[in-house]
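One letter stands for each residue in the lines below.
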Amino acid sequence: MSALAHVGQAGGGGPTDPAPAQERAGRSWLPYLLLLPGALWLFVFFVIPLLQLFTVSLQSQFPGYPGYYYRDVNFSNYLRALTDFAPQFGRSLLFAGLATFFAFCLAYPLAYAMAFKAGRWRNVMLIAVIAPFFTSFILRTVAWRQILADEGPVASTLNALHLLPGGHITETWAAVVAGLTYNFLPFMVLPIYASLERADHRVIEAGGDLYANGFTTFRTVTLPMSMPGVIAGTLLTFIPAAGDYVNADLLGADNTKMVGNVIESQFFRVLGGFPVAAALSFTLMALILAMVFVYVRRFGTEELL
Amino acid sequence: MIRRLQNRFAIIVAVLVLLYLFLPVAYTFVFSFNNYRKSNIVWNPQGSPTLKHWQDPCGAPGVCDALVTSLEIGVIATLVATVLGTLLAFALVRHRFVGRSASNVLVFVPMATPEIVLGASLLTIFVQGFSRVGLGLGFWTITIAHIMFCVSFVVVTVKARLQSLDPRIEEAAQDLYAGPSATFWRVTFPLVLPGIVGAALLAFSLSFDDFIITNFVSGNETTFPKFVYVSYLRGIPAQANVIGFSMFVIALTLVIVGQLVGNARRSSK
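Protein sequences, first through last, are from chains A and B.
Going by this note's numbering, the letters in the first sequence line up with residues 1 to 305, in that order.
Going by this note's numbering, the letters in the second sequence line up with residues 306 to 574, in that order.
Bound-form chain A, shown alone:
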């Protein structure tokens, strides 16, 4: 237990951490040397592009010359982004939220079984969770289109039983949410599994010893102990799902387009769409970062990293 506590502390990263034994006075330049190449790369190819995207989002168009912009401080792009494309924004948040919820419902029992019930099958199951990643995610999404297609097994069974109101699954929001749930499920499983595995099993047994029934033990002991994993998992599922456009493109229809589809088509297919696309990207990012920081404030950063 004390070793565990020590590891936890090493990860705590607060300002009160004692300096590690390796550090010697007079080598204070060493961390900066280690840091420099990677930090420089991230600065040049992450921070600067974001700043550039921000300036693009404020540009105005030369009147009469579509596709030509000048530097400006024009917030109307944001207004257009939020008013013209409000439905797509709402859909992104809604679909990503639903996918995150369904992924949680599927991932928790799997992670629970892996951590507590799998025994020597644990590593096999862990590999099995990661393995589908090794087939291209576009190929897997196309496979879902085949599985859910009208003549495919799911839709034809449901239609034969008259359980499918519209007659289709593809080209509906249900297919898009199903695709999002599927594609980001492993991102939910792995952190929940990691936090359950790290949990002290004796504490859970103690719940049983103290006459709590299975459900009470789960609700008051197991679930709270796995919260860091649940938080990390929801973020790792929600963020890519909210920005995704491949699922909406391959599985959905025009009335299921998400904000990612709008950004993509404004950049590539609409002449003069750059500033609005940039404003949309920035709004999406600001929304997500705000969400992340609320989470991080509430639950501490290092658990996420």
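Just so you know, these hints were derived from the structure itself, not from any lab.
Incorrect hints may have been included.
[Stated by the list, open to error] A few chain B residues that face chain A, going by a derived Cβ cut-off under 10 Å, partial list only:
| # | residue |
| --- | --- |
| 1 | Ala315 |
| 2 | Ile317 |
| 3 | Phe336 |
| 4 | Gly364 |
| 5 | Leu376 |
| 6 | Arg399 |
| 7 | Phe402 |
| 8 | Val414 |
| 9 | Pro419 |
| 10 | Val422 |
| 11 | Leu440 |
| 12 | Leu481 |
| 13 | Val560 |
We treat Cβ as the ideally placed atom computed from N, Cα and C, and that holds for glycine.
For chain A, the structure is supplied; the task is to place chain B on it using the hints.
Just chain B, lined up with the frame of chain A:
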């Protein structure tokens, strides 16, 4: 009795979820044997299953070029990102310095940014600044972008390994009169190596499978995921299924062999 049922229930749900995860992979595999006419979407019972796509995996125009491009980008991006990320992880775990928490944020935020925003922002600098220096959209802009988003994942993986090391092992080495460089190369580095290898595998699979960022910065260059996406409208050739499933088998074999080697080493000690 209820306890038993509870035990079984978790296992049954887990197995069902795993089957669900594998269902599209199985579909990809089965449709690699389809003797289709126009597009490989509906199973054609006449002449199926056929091995012809497996006998000629490069038969569809462009599919093997795209695969080679993806492999080349994957290898370069993995090597660079693993080196940069490992150095960063050592700095962040082993040292306390001014700017440490800012660096942590710099590493974390790219992972919390949707891919489409990363792709869009890189596109704006690549079209506005880089074409003037003679770097048009293509192979190198894709590689630069892949290195950027892989670095953070490498840092996180190596960091986790570094943090779980027992500091007493290194202290013991120093008590036994190992100098700092001997301690590092003969004790610390071998202990961290599995984490670095894992990070490299993760970086490669992220790079190899990336579509959204790649699509923004690729210009006319075609990677394997982009090939599949672009050919979707005309119908994806079954050769893509052959290659996709083969990559799955190769990666799975590597992971399993790695696990077995790790287990054998551990038990021989």
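Evaluated hints:
no. : hint   : result
1   : Ala315 : 4 Å, holds
2   : Ile317 : 9 Å, holds
3   : Phe336 : 7 Å, holds
4   : Gly364 : 17 Å, violated
5   : Leu376 : 13 Å, violated
6   : Arg399 : 6 Å, holds
7   : Phe402 : 4 Å, holds
8   : Val414 : 7 Å, holds
9   : Pro419 : 3 Å, holds
10  : Val422 : 5 Å, holds
11  : Leu440 : 12 Å, violated
12  : Leu481 : 15 Å, violated
13  : Val560 : 6 Å, holds
The structure shown violates the earlier hints numbered 4, 5, 11 and 12.
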